[in-house]
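K.L.:
Residues per chain, in single letters:
There are 6 protein chains.
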Amino acid sequence: MRLATPGYLRIGQSNSLVATYGGGEANVAVSLANFGNQVGFVTLLPNNEIAEAAIRELKGMGVDTNAILRGGERMGIYFLETGAVSRPSKVIYDRAYSAFSEVRSGMFDWDAIFEDVEWFHWTGITPAISKGAAEACLEAIKIANKKGITVSTDLNYRNSLWRYGQTAQEVMPEMVSACDVILGNEEDATMALGIAPEGIDFHSGKISPTAYLSVSQQLMRKFPRCKLVITTLRGSVNANHNSWTGVLYDGKQLFEAPTYQITNIVDRVGGGDSFMGGLIYGLLSYKTDLQCALNFAVAASCLKHTIYGDYNRVSVDEVEKLMKGDASGRVVR
Amino acid sequence: MRLATPGYLRIGQSNSLVATYGGGEANVAVSLANFGNQVGFVTLLPNNEIAEAAIRELKGMGVDTNAILRGGERMGIYFLETGAVSRPSKVIYDRAYSAFSEVRSGMFDWDAIFEDVEWFHWTGITPAISKGAAEACLEAIKIANKKGITVSTDLNYRNSLWRYGQTAQEVMPEMVSACDVILGNEEDATMALGIAPEGIDFHSGKISPTAYLSVSQQLMRKFPRCKLVITTLRGSVNANHNSWTGVLYDGKQLFEAPTYQITNIVDRVGGGDSFMGGLIYGLLSYKTDLQCALNFAVAASCLKHTIYGDYNRVSVDEVEKLMKGDASGRVVR
Amino acid sequence: MRLATPGYLRIGQSNSLVATYGGGEANVAVSLANFGNQVGFVTLLPNNEIAEAAIRELKGMGVDTNAILRGGERMGIYFLETGAVSRPSKVIYDRAYSAFSEVRSGMFDWDAIFEDVEWFHWTGITPAISKGAAEACLEAIKIANKKGITVSTDLNYRNSLWRYGQTAQEVMPEMVSACDVILGNEEDATMALGIAPEGIDFHSGKISPTAYLSVSQQLMRKFPRCKLVITTLRGSVNANHNSWTGVLYDGKQLFEAPTYQITNIVDRVGGGDSFMGGLIYGLLSYKTDLQCALNFAVAASCLKHTIYGDYNRVSVDEVEKLMKGDASGRVVR
Amino acid sequence: MRLATPGYLRIGQSNSLVATYGGGEANVAVSLANFGNQVGFVTLLPNNEIAEAAIRELKGMGVDTNAILRGGERMGIYFLETGAVSRPSKVIYDRAYSAFSEVRSGMFDWDAIFEDVEWFHWTGITPAISKGAAEACLEAIKIANKKGITVSTDLNYRNSLWRYGQTAQEVMPEMVSACDVILGNEEDATMALGIAPEGIDFHSGKISPTAYLSVSQQLMRKFPRCKLVITTLRGSVNANHNSWTGVLYDGKQLFEAPTYQITNIVDRVGGGDSFMGGLIYGLLSYKTDLQCALNFAVAASCLKHTIYGDYNRVSVDEVEKLMKGDASGRVVR
Amino acid sequence: MRLATPGYLRIGQSNSLVATYGGGEANVAVSLANFGNQVGFVTLLPNNEIAEAAIRELKGMGVDTNAILRGGERMGIYFLETGAVSRPSKVIYDRAYSAFSEVRSGMFDWDAIFEDVEWFHWTGITPAISKGAAEACLEAIKIANKKGITVSTDLNYRNSLWRYGQTAQEVMPEMVSACDVILGNEEDATMALGIAPEGIDFHSGKISPTAYLSVSQQLMRKFPRCKLVITTLRGSVNANHNSWTGVLYDGKQLFEAPTYQITNIVDRVGGGDSFMGGLIYGLLSYKTDLQCALNFAVAASCLKHTIYGDYNRVSVDEVEKLMKGDASGRVVR
Amino acid sequence: MRLATPGYLRIGQSNSLVATYGGGEANVAVSLANFGNQVGFVTLLPNNEIAEAAIRELKGMGVDTNAILRGGERMGIYFLETGAVSRPSKVIYDRAYSAFSEVRSGMFDWDAIFEDVEWFHWTGITPAISKGAAEACLEAIKIANKKGITVSTDLNYRNSLWRYGQTAQEVMPEMVSACDVILGNEEDATMALGIAPEGIDFHSGKISPTAYLSVSQQLMRKFPRCKLVITTLRGSVNANHNSWTGVLYDGKQLFEAPTYQITNIVDRVGGGDSFMGGLIYGLLSYKTDLQCALNFAVAASCLKHTIYGDYNRVSVDEVEKLMKGDASGRVVR
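Residue numbers (my numbering), protein chains in the order written: chain A, 9 to 341; chain B, 9 to 341; chain C, 9 to 341; chain D, 9 to 341; chain E, 9 to 341; chain F, 9 to 341.
Derived from the structure by calculation, the hints contain no laboratory data.
Don't take every hint at face value.
One copy or any two copies: either way a pair holds, since identical chains are not told apart in the list.
Unchecked claim - List time: in silico DSS-like cross-link candidates among lysine-lysine, alpha-carbon distance up to 30 Å: (1) Lys150 with Lys295; (2) Lys98 with Lys329; (3) Lys98 with Lys332; (4) Lys329 with Lys67; (5) Lys67 with Lys150; (6) Lys154 with Lys98; (7) Lys329 with Lys155.
Next comes chain A alone, as it looks inside the complex (with noise of 0.2 Å):
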């Protein structure tokens, strides 16, 4: 549950929050619901309405909520003020003790979950939140390994979460390493994995995208399970004007796609996920069209930026007519 601030209010100017639901995983499923993937969510919410309601929601997108297991205190939820121009957006996480944080290994079943199952994704989020999730998470990705299906991560690096005694560095190799597909930003190669770009400063708004191909090739060295490694590339020129684009390696070359300058932003949480919803989604249509993958998943992330939320509402449809070229905005009657 995330609340934020309406407008550009800092926290504290205003009486009045705005919830809605998001988290890594749940945005990635809500991205391929709505590109038309069936795609289920798996995770331990408590009994109350709190979490009712964003079943509900995760439903009425299509998303399959069956394999979500009730129980724990409570629903994990973020403060979210949103920044403008050189004032940076503020998140202040209250995830301890979330009903996630007391996920188990052996509470899933994961045989009955993974039935017919092409594709298994996870983030780096999963196993920062506490030692049982990341015991989970690993027993199902083992699980998955096993039975064929492709599993992919999104890094996902995030300081403030990894507060249970292990550092990521510590636990992340041996998940990332049954991977198939790891997906980063500029940044958590180096937080997470501690592989770092040469010659980047990520707070000069500019990003060179060819700085990533080392970085691609140390992780396949690393994890040689790993078939693509793909890298988001956010340059900051401020809280309000991003530029966005991506690269993808496939072991062999680096593919580029073209750069967006998001001007306007409505809303940049949710942007990597977006991402990974579009490049799953890609993978599976354009098979072994890579360029085509990449450039629908930035696209698509591209068109995140503009919708409020952490959920990316946008059709296929609307992405392609991206792709192809048409950024000009012009009324749609």
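Use these hints to put chains B, C, D, E and F onto chain A, whose structure you have.
P.N.:
Positioned in the frame of chain A, the structure of chains B, C, D, E and F alone reads:
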């Protein structure tokens, strides 16, 4: 009646809709009333409180509503979702079977309505709605011609509205041929009349004013009664940022206006209508100074993009301040 | 009390008004309190709940309100309509006969108020309100001078406020001559004191810092007590986009600060006050490092433009982060 | 202009205020316009957008605003906090120095204003505002008398408004003595004219209609021109629940109306004005059927208590439906 | 789609409308889904985002939407103004030419839809919309009869909807004669079928349950297939306060339920539908305990009056708590 | 922090939540500050902006916040859904692992905090939160006893909060035995201490004051230090309508207060706390006039039910006006 989601929310994201009133011709009428012209509005509206509210607003704005007839089943609605950056705004028309579509020739007492009237303006929306509306409009145009009233039209082509079995290119020419002043946007002449500029890509974000000399000349040749052809030129950089200008051709010379960069659009719906309102005011007030009339129209409609709702709520003073070059936006205290 | 229409709505477009509190000196006081300084605010407010609410907010912010007297008929109001692009913001003052205009010399016990006080700040709004307010302010300045308290002023010229029969140029010089620190914006010295820069067009959107060396020197010559002259420099590209910087002259050297491009202004009212708050903090904290004090003031007030309402709700940490060059607006988690 | 906190929030609890327009005489004018009467409104309003919005609303309602003069400094404001159960509503007047208080005799061209006018209504608010307003009102009354126009007054005593040095009991009698119809609530005659009912405690929640026979008789004796004395009778059970009725005395007989239990008041401000509007309509429409006129006034103002804002937005049909006894509130489809 | 003014505002008083979804049959479906029943909803909705949002909400509630066809021009709308005390709520239907009115027999694959279905419910709204809708509904009823599915109807007479040339009394009898369970309110049997209770004034605020014994007996005689006749009984004290109960007749006995005083109605639209939802749940769950089924229906729909929107968002636990007599409204922590 | 749905919406029906601050002891502190008492509040709050906002509000209200420590992970939250008629309000606690639950004995410098303090108040919420909080509270009570500070408690039993392994009946008696003044509602003594009135059904809506004589006597016998036992008596007619009164026993006599019918509750959360605030004020101000102190407490808390949020925003004047019998709710101008 326009029902818009607040902010940049998509339809379905908000259970609160902002209701405002507007529509091509009403918008022109309100512009003129705000500029101090005496103006009346002719239409057919149903006998319910929704229509009452629309009429009340027009009356408050100073538009004479005495010629509005009451009847028919419903009031036309359109739903609006405001786009951002590369996500276009979206209009869902719900105008089918509106009271206005039940307009028939013979319904209005044009002799009484046109008493002491100097100017009659209609737009291409009207004949698109229904055969009856097209016939009633043609009837009015002919009577206006007879009475020596200046007749202007805004071609205003809306593909999705022409659904009663005839096309714009079948219906419009006879109506346009009786007009003294013709306004269109960069696409209208092509779509409504089949007269296209050369080498223009409407989605490229760049517009060449001079390409419209040929369109204007073709229009004048086809419609010899016409004395002035005006084209609004919108360069869509993205959904938040448009360039905006216009050209006027009087049969001899192509007048060009300054181009405004509207970098943070508040609401672009009604932009063309506010141009027409400004133009009629300009032609009536600056008389033979066509450059000045054009500049007024462009400045007035530039300001419209900063105002929420279909109506252009600006005064002559405000437009003239911008015409004179002060676009600095410094606070007025 | 400020009553603003929401978003970019014009006055009369919304029946909901957003009420916030603020005003030149109060804004400076809140800035300082947020930066951790001990600060008090002196004024006269009526005996009603509106004034209670204003005082409650100041107390919550950490401003000492014990010296506020109660009496008079009403609280000053101003109505604010926020502009966009080429449509300027509009302020309608409704401050006539406010309680504050009933302030008279002898009303405040300045000896008690100035106990253990290091700095006294007043603005040009105060003497503009009424003769009594001007006299009370002069009285306070003189007592502050005697006690060796640093006195600063923000010239803050508001043409529409000077209505009790005397002009700024008649009243201000005596008051300014007793000040140690003088702040003005690019127009104030001209309007309040008749000292103009050369070759500057305030509406051109471009500002030359060096043109203010001569203004500063003239001010110092005219007011020899003054040790520092500071000028805020706003380049109005349009109502959404201003450039922002300032210069400081210490009698020897013109210090220039970096120029910020504030491309998506949230609220520019109170910008100058937040500069003054930052400057006082900077001068008290960085002592002889005038460049640093100036840079802090510019960065603090740059951030103000991203915050709704008159008050600058930022911390020293946030300002220093921006001072150090991080304007990327990347999300803080 | 009325600025109200939303719902039942106290002043200071909400930073959003709901702005509506209203005021004793304007409310009566709007009632009459809604009932289909031709009605104009005379006042002095400042030259700003706040006043424009107020005028725009009156025009929309069908009130003729041509006689409204523009000038003066500010528009009168009142702040409203809506009470509940045992907590009363609270009005904070901020009308001092309003444009209206600058009204002077000689300002209005009463001869032109009264052309073809049948009825002139004023309220006790007007002479309370300023000496000039009282004199201008008396001037109008006298001219109306000369022209044979029916003059009515609503005594409308507001203790907190009489502040210019004269009391209601000094000013009102001369004005009231020229009236044909006098309306007051259960307290007005006492407060404005010193004529009290016997044995009534206004705060007891119970009102005896017959106690007002003597008040009416005393009024008629004191003001022999008066043909009708009407008293609205409000029984305040609590802030949400009032009983409501009225009595009319024609010099011979005391007509009593049914008593309505208004158990869930939406907005009681303007209740008396809506009674007056209903009464004038009733007297003009039902002519000699005084019982019917009274019943219409009581029913109209009963409905007013269910409508937000000062204005009574009801039609003759709606009032007559209630008059005929259908208070069931069954949904109208 | 229902568009309601907020609070008790009249249409035209607010430019913000609250959009919710609902409609007779959908409301029953949502009730049943909330009670844990498996339920599907059959209709025709247009291909636009408004319809998507409606479907998304139904899916979120757990209603199976797979049988919903897409097509037609527009979605039916109704505007709602919520009444207070003696001012009734007002519904303005804008359902003409809705997609649903284009339903035709043969359009739906009833055999597939009715697979494993136990109960089919339709309401009198459906045949009122269009001839096609009436025929498709009759078609469904007949197939349901053949398959041994229980058929129920809510007579739901809406005078303003029957506009296609046939009356309810012409169309309904054939349809009703195939039903096993008939529900009506205190007026429906009279209006839809011409079977009236004796000595009842619907607007008196008082309802006598026993008067409905005769109505029920007449209905059973006229429609011998019918096994249960249920009547909801609403006593309209005023728009905020209704009494609420119901009676059930099984051919032998008239079961009466407790009467609830709903003194502070939040939203009464959908009250009858929530009764039907509760009744179907009750008949399926409590089987032969008809008293218990009736009590559940009355309690469920009593709670509906406290919930905003057409849908009844309550659980079985909440209804049973009220059924058992706890109407104290004590806070649940 | 309390997060409430607006109006009567259920959780999940609104994506906008109203955030206010409150909590048992804070509510009492604010009441006392509003009545003009000097009061401080002691707690542990996390180092984030949410907590800053809460502190800012307390400071604005005049509560001394200097003794508030900062630390811990999160701020306790509760979600509130406001009930209507037979649907109860619902509170979902999300207080687990709040900063306050990390309070330990030894953390606060009670000697400094209690300097010049006359009264110490705690509630049964505190020991329910965690073992550490219970121990710290007991520590404070003992030091207060030693210093001769009056100690009061509100038993405030919340079943769902006692979750750390000990029951209220195990923990509370030692703490209560050191109190001079004990307040409970009609259920608290039973639940927290096992001392029940006879013949009372809390859900019947009727409460017999005298039944509490025996409870009071039992409490005094069990806790001989106690000098006053006070019981608030709420009769829940339904969620909108409660009766409200209280009784006070001083070991000799049972004082009864008038009973208020609160027919249109605005917000009943914090009702008991406002009673306690009123009682402490009353005992300190009216000294030995226990009847008057009780009446003040009942009237103050009656008014609280008309005020949104946990805090009781009323003045002594307002309470005394009600105490003197004016519950008419007539508008105060």
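K.L.:
Since the copies are identical, ignore which copy is meant and state whether Lys329 and Lys67 lie within 30 Å (CA to CA) inside a copy, between copies, both or neither.
P.N.:
both (27 Å within a copy, 28 Å between copies)
K.L.:
Tell me, please, which holds for Lys67 and Lys150 at an alpha-carbon limit of 30 Å: within, between, both or neither?
P.N.:
within (28 Å within a copy, 33 Å between copies)
K.L.:
Within a copy, between copies, both or neither: where do Lys98 and Lys332 come within 30 Å Cα-Cα?
P.N.:
Intra 34 Å, inter 19 Å, cutoff 30 Å: inter-copy only.
K.L.:
With identical chains treated as interchangeable, where does the CA-CA distance between Lys150 and Lys295 reach 30 Å or less: within a copy, between copies, both, or neither?
P.N.:
So Lys150 and Lys295 pass the 30 Å test inside one copy only (25 Å; across, 49 Å).
K.L.:
Is it within, between, both, or neither for Lys154 and Lys98, if the alpha carbons may be no more than 30 Å apart?
P.N.:
neither (41 Å within a copy, 46 Å between copies)
K.L.:
Checking an output row: Lys98 and Lys329, CA cutoff 30 Å. Within, between, both or neither?
P.N.:
between (33 Å within a copy, 14 Å between copies)
K.L.:
At most 30 Å between C-alpha atoms: does Lys329 with Lys155 qualify within a copy, between copies, both, or neither?
P.N.:
neither (36 Å within a copy, 48 Å between copies)
Going down the numbered hints, you'll see the structure goes against 6, 7, while the others check out.
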